[in-house]
Amino acid sequence: AQSVTQLDSQVPVFEEAPVELRCNYSSSVSVYLFWYVQYPNQGLQLLLKYLSGSTLVKGINGFEAEFNKSQTSFHLRKPSVHISDTAEYFCAVTPNYGGSQGNLIFGKGTKLSVKP
Amino acid sequence: DVKVTQSSRYLVKRTGEKVFLECVQDMDHENMFWYRQDPGLGLRLIYFSYDVKMKEKGDIPEGYSVSREKKERFSLILESASTNQTSMYLCASSAVAGERETQYFGPGTRLLVL
Numbered sequence: 687a688q689s690v691t692q693l694d695s696q697v698p699v700f701e702e703a704p705v706e707l708r709c710n711y712s713s714s715v716s717v718y719l720f721w722y723v724q725y726p727n728q729g730l731q732l733l734l735k736y737l738s739g740s741t742l743v744k745g746i747n748g749f750e751a752e753f754n755k756s757q758t759s760f761h762l763r764k765p766s767v768h769i770s771d772t773a774e775y776f777c778a779v780t781p782n783y784g785g786s787q788g789n790l791i792f793g794k795g796t797k798l799s800v801k802p
Numbered sequence: 053d054v055k056v057t058q059s060s061r062y063l064v065k066r067t068g069e070k071v072f073l074e075c076v077q078d079m080d081h082e083n084m085f086w087y088r089q090d091p092g093l094g095l096r097l098i099y100f101s102y103d104v105k106m107k108e109k110g111d112i113p114e115g116y117s118v119s120r121e122k123k124e125r126f127s128l129i130l131e132s133a134s135t136n137q138t139s140m141y142l143c144a145s146s147a148v149a150g151e152r153e154t155q156y157f158g159p160g161t162r163l164l165v166l
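From first to last, the protein sequence lines are chains A and B.
Start counting the first sequence at 687; every next residue gets the next number (my numbering).
Start counting the second sequence at 53; every next residue gets the next number (my numbering).
Since the hints were made in silico from the structure, they are not lab data.
Just so you know, not all the hints are guaranteed correct.
[To be verified] Quick list of in silico lysine-lysine cross-link-like pairs, BS3-like style, CA-CA up to 25 Å:
#1 A:Lys744 <-> B:Lys55
#2 A:Lys735 <-> B:Lys55
#3 A:Lys794 <-> B:Lys109
#4 B:Lys70 <-> B:Lys123
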C-alpha cells in the first residue's frame with residue numbers, strides 16, 4: 687500500500703518570495719508522482735508529474751519538483767510566487783506496475799497563501 | 053483538451069433524499085473515479101470504474117453506489133442522504149493507454165445535506 691504525507695497544512699508567504707511545499711511518500715513498489723493544484727471553488731488541475739528519467743520535473747506556472755528516491759520525497763518549489771498562486775496543493779502517487787488501474791493516493795493538501 | 057463536466061456545482065438536499073451526481077467526460081477515457089474532499093482529509097476515493105457496467109469500491113464506499121451505463125458517463129448515487137455526506141464531490145477520468153497515469157478532474161459538486 688502507498689501513503690502520502692504533506693508535512694505542512696498551511697504555508698503563508700510574501701509575494702515574490704520563494705516557496706517549497708513538502709511531500710513524502712511511502713510505497714513498497716515504484717510509483718509515479720504528481721502535484722495537483724486546486725484554486726478556490728474549482729476542481730484539481732495537474733501541475734506536474736514524475737514518471738521516469740530526470741528527477742527534476744518542470745510544470746506549469748513556473749513550478750518545479752524534484753524526485754528524491756532515497757528520501758522518498760517529491761517537494762514542490764517555485765523561486766518567486768505571485769498572489770495568483772494562492773491555492774491548495776495536493777501531492778499524489780500511483781503504483782507504476784502494469785496491473786495498476788491508476789488509482790491515485792492523495793496527501794491531505796497544503797494551503798499556500800501568498801500575501802502582498 | 054480533456055473536459056470533465058459535473059451536472060451541478062452546488063446542491064442542497066434534505067436528509068433521506070435520494071441524490072444523483074452526474075459526471076461526463078469527452079475524451080473516450082476508460083477509467084472514471086468519484087472522490088469526496090473534506091477539509092484536512094484530502095481526497096478519498098469512493099468508487100471507480102474501468103469499463104462500462106464495471107465498478108470497484110474505493111476507500112469509503114459506504115452509503116454510496118455508482119452507475120456506468122455509457123462509457124462517457126459515471127453517476128454517483130446517495131440512496132438516502134445523510135448530513136455526514138455533506139462534502140465536495142469530485143469526478144475524474146483517465147485513459148488505459150498513453151497517458152494512463154494522469155487523471156483529469158471536473159470542477160466539483162458541493163453538496164449540502166440538511
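Hint-by-hint comparison with the structure:
no. : hint                  : result
1   : A:Lys744 <-> B:Lys55  : 23 Å, holds
2   : A:Lys735 <-> B:Lys55  : 19 Å, holds
3   : A:Lys794 <-> B:Lys109 : 21 Å, holds
4   : B:Lys70 <-> B:Lys123  : 23 Å, holds
Every hint from the earlier list agrees with this structure, and none is contradicted.
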